[in-house]
Structure formats: C-alpha cells, structure tokens
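S.K.: Sequence:
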Amino acid sequence: MAAWPRAAHTAGSAGVLLVGQSAEHGHVPAVLLGGRFYTGKRQYWYADFGGGVDRKKGERPQHGAFRELAEELLAEDGRAAGATAARLCADGAVELVGGRPF
Numbered sequence: 001m002a003a004w005p006r007a008a009h010t011a012g013s014a015g016v017l018l019v020g021q022s023a024e025h026g027h028v029p030a031v032l033l034g035g036r037f038y039t040g041k042r043q044y045w046y047a048d049f050g051g052g053v054d055r056k057k058g059e060r061p062q063h064g065a066f067r068e069l070a071e072e073l074l075a076e077d078g079r080a081a082g083a084t085a086a087r088l089c090a091d092g093a094v095e096l097v098g099g100r101p102f
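Under the working numbering, the first residue of the sequence shown carries the number 1, and numbering increases by one thereafter.
Don't take each hint at face value.
Derived DEER-like restraints, expressed as beta-carbon distance ranges [as the list claims (entries may be wrong)]: (1) Asp77 to Lys41: 23 to 31 Å; (2) Lys41 to Gly12: 33 to 41 Å; (3) Asp54 to His27: 35 to 43 Å; (4) Ala75 to Gly12: 37 to 45 Å; (5) Leu74 to Trp45: 30 to 38 Å; (6) Tyr38 to Gly58: 16 to 24 Å; (7) Asp91 to Gly51: 31 to 39 Å; (8) Arg55 to Gln21: 14 to 22 Å.
Because the hints were derived from the structure by calculation, they are not lab data.
These numbers were taken from a predicted model, which means no experiment stands behind them.
Where is the CB? At the ideal position from N, CA and C, for every residue including glycine.
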C-alpha cells in the first residue's frame, strides 16, 4: 500500500460505507447501513459502520474502520474483530479510491 498521508495518523475515528448493487431490485445502487435507536428522541437513525481508532496502539484508520465493521455488523469482539480487520485491509487495499483512504 502507498504511504499514508500525514493527516491519516491523527484520525481519531473512521468508518466504512458498504455500497453495491441490488440484484433483487434491478441492480440499482444499494447501501448497507447500521443504526441505533435514541430512546430520548424516540428515533432510529441510520449510520455507516465505524468508531474510534486506537492511535495509542498504532492502529491505522483503515484497520480501525474495518475492526468497527466486524464488531458492529458481524458481532465479533477483541481478537476476532482485529483479525477480520487485518484480512479486510489486505484484501480491500486495491478497492480504495487512489489506493489510500484520503
């Protein structure tokens, strides 16, 4: 992977937005979103998958984003989410626009 821009090393959070095509609906664009219910507002808000990047441990934003995806969508925790994130980083690097996250 190309060198990461300096700004990437200061990112405190990162996210993943899964975009594809729906075969069931004539290949129209589709987005997979997570979300949460805000009890005080009585509203459900959709969101991408993401969260904090552990910069103190040297985690890169791409790894943090994929780790959060594994935790939130696949219900993995700890080592399993980290291992999934590592595989996604290796497999997904060529899919990033420009080969890097910025």
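S.K.: Work down the list of hints and note, for each, if the structure agrees.
M.R.: Against the structure, the hints come out as follows:
no.: 1; hint: Asp77 to Lys41: 23 to 31 Å; verdict: holds (28 Å)
no.: 2; hint: Lys41 to Gly12: 33 to 41 Å; verdict: violated (25 Å)
no.: 3; hint: Asp54 to His27: 35 to 43 Å; verdict: holds (38 Å)
no.: 4; hint: Ala75 to Gly12: 37 to 45 Å; verdict: violated (24 Å)
no.: 5; hint: Leu74 to Trp45: 30 to 38 Å; verdict: violated (21 Å)
no.: 6; hint: Tyr38 to Gly58: 16 to 24 Å; verdict: violated (33 Å)
no.: 7; hint: Asp91 to Gly51: 31 to 39 Å; verdict: violated (21 Å)
no.: 8; hint: Arg55 to Gln21: 14 to 22 Å; verdict: violated (35 Å)
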